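Build the full structure now, drawing on both the sequences and the hints.
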Amino acid sequence: MYTQGLDQKESAGKRPVDAVEAAEQLQAFQARIDAEEKIEAKDWMPEAYRRTLIRQISQHAHSEIIGMQPEGNWLTRAPSLKRKAILLAKVQDEAGHGLYLYSAAETLGVSRDQMVADLLSGKAKYSSIFNYPTVSWADIGAIGWLVDGAAIMNQIPLCRCSYGPYARAMVRVCKEESFHQRQGFDIMLELSRGSPRQKAMAQDALNRWWWPSLMMFGPNDSESKHSAQSMAWKIKRFSNDELRQKFVDVTVPQADFLGLRMPDEALRFDADAGHYRFGEIDWQELFDVIAGNGPCNKQRLEKRQQAHDDGAWVREAAQAYANKAAAAAA
Amino acid sequence: MSKQEWPLYEVFVRTRSGLSHRHAGSIHAADDQMALDNARDTYTRRSEGVSLWVVRSDRIVASDPAESAAFFEPAEDKIYRHPTFYDVPDGVENL
Amino acid sequence: MNAEQTLIDYTLRLADNALILGQRMVENVAAWPELEEELANANFALDFLGQARMLYSYAGELEGKGRSEDDFAYLRDEHEFRNVLLLEQPNGHFGDALVRQYLFEAAYVHILGALVECRDEQLSAIAARAIKEVQYHVRHTSKWLIRLGDGTELSQTRVQQSLHDVWRFTGELFAADDIDIAFQETFGGPDLSAVAALWRTDVAAVVSEATLVLPDDEWMATGGKQGRHSEHLGYLLAEMQYLPRSHAGATW
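Residue numbers (numbering that gives the first Met the number 0), protein chains in the order written: chain A, 0 to 329; chain B, 0 to 94; chain C, 0 to 251.
The reader is advised that the hints may include incorrect statements.
Said to hold, decoys possible - Chain B is faced by these chain A residues, among others (derived, beta-carbon under 10 Å):
1. Tyr101
2. Arg111
3. Gln113
4. Ala168
5. Arg236
6. Asn239
For the record, the hints were derived by calculation from the structure and aren't laboratory data. Predicted model, so just to flag it, every value in this text is computed and none were measured. Every residue, glycine too, gets a C-beta built ideally from N, C-alpha and C.
Below, the structure is given as structure tokens:
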């Protein structure tokens, strides 16, 4: 249950601090994880497990919320009413998914307000992919096809994550997202079978989104600092490189079907291994974007800050009204 | 007051008549009606429900995991409560 | 005016209202005060887009010239749009958008109520679907108006101002012209003076519960229903229509 408020004080009092966490307690915890038992909100858990989850789940939630912006950028200009409705439903799902994920994180004792404050202050991160601009309608297709495609690779294993509230939220997210990638591919298909200008638009979008999509899986396994512990805790079940390879293997044939060319001269099929081999990722670009120097970092956070500030009087008014009503009833 | 976060509510959805309400997730809302509206817009977008319950999270009384052994394990040795405990002789039907 | 043309014109007015309000609501995506309200806004906009699509398709069928829903939405010019002026007004803040939507839907819900009973089967069926959506919207927006009116001093001042700002566009909702009258006579459509009375009662009750004051009826702006719009519509259409307009004949 996503209850943050329950017995919070009591369990906080019982929870041992890092230094004195009993070895048996840790061992028993790991044994539960190894037995594929789910950990629930009020169960004892190591502080580091709690912190890792809060970081990962809130980051995931922030990504959904910030991710509404690049796609929302084309809502007013979607080229047909059907596309407009589909895109709106998708962007709305992202708001919903952010909400499910914030709720899951709240069970760990952090408030949504706190998480939002961390996002706005720049303390918390979100997926770097959303710091790229959507300059043409084809970008909406490319995001659905590639970005949602990559996200699904990451998210499906999370449905089996050891933390119950996160796993349940992800089951709902994955179920709802199943149409997101298809609608993106559908846009790309329509464009690549359309006029030369439309096809050029599609190719341009693929050129710009392909590499950032590959970066979404995170640094190479050898460079990834959180991976080993997260794997042991079954918060993460596959490595960055495994998932990235899987994504490339399924996506390249789809690009062929569209008649579009991947922007990678080194890309080739390794028949012996049964995998596509791809070129070197420009990691410096990823680190630059994470450091805040992507094309849209500033714009995305400013827009979120603006919405937050603009809404303050509304949130306060609703609370004031509720307080008055409660006082009158008492 | 200005920094007050809207309280958290738990949402329970009956997916179709005949079934019980099941926990779906949670939402924030300033008051009870808003909680119902928000639950509707968040958890029934794909026709998932025919009825909704919302309840403030801080009003739920829950058992303590630290006491779960005392709470739940005593039931485990009462296996005679389950029909599979009993052998039904061959030839006896409708039992 | 023949009956067929009356029905087409009337249907297009309904469709244009739904589309223009839907488009305005879409502009607010990712900018709303709380995540939960973000979902509500998107649901409402989806309802309006859905209504617009059904109504345009029906108008296209009636017209019989092969025009699709998108032809109506994307390839008509300002003067061909027949939405009321209220709905094309810029969004402003949450309170402004809320008041605009509430004042419109408080009338729309009664218009749909009459349409459910009208003599055109198809329009009646569309209205029967739409009215359920709109009844829920009115519940949601009227309660929000009460929260803002009876919330803080600041919210009360703001939303009172919102009411004043758009009040002059409400008269058009009930200003019956030839098409309204012909539709009422031929198809049993809504009697706008009756709708106005119902609207007035509902709005007065909500405004009073919201501890707000109903603005005085002064000069009322009209013209949208006849295709004479404010400057705002042109920008809305320019943005909405640009892709299909710049790629003639393309499919998406």
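Hint by hint, work out which the structure violates, then give me just those numbers in ascending order. Violated hints: 5 and 6; rest satisfied.
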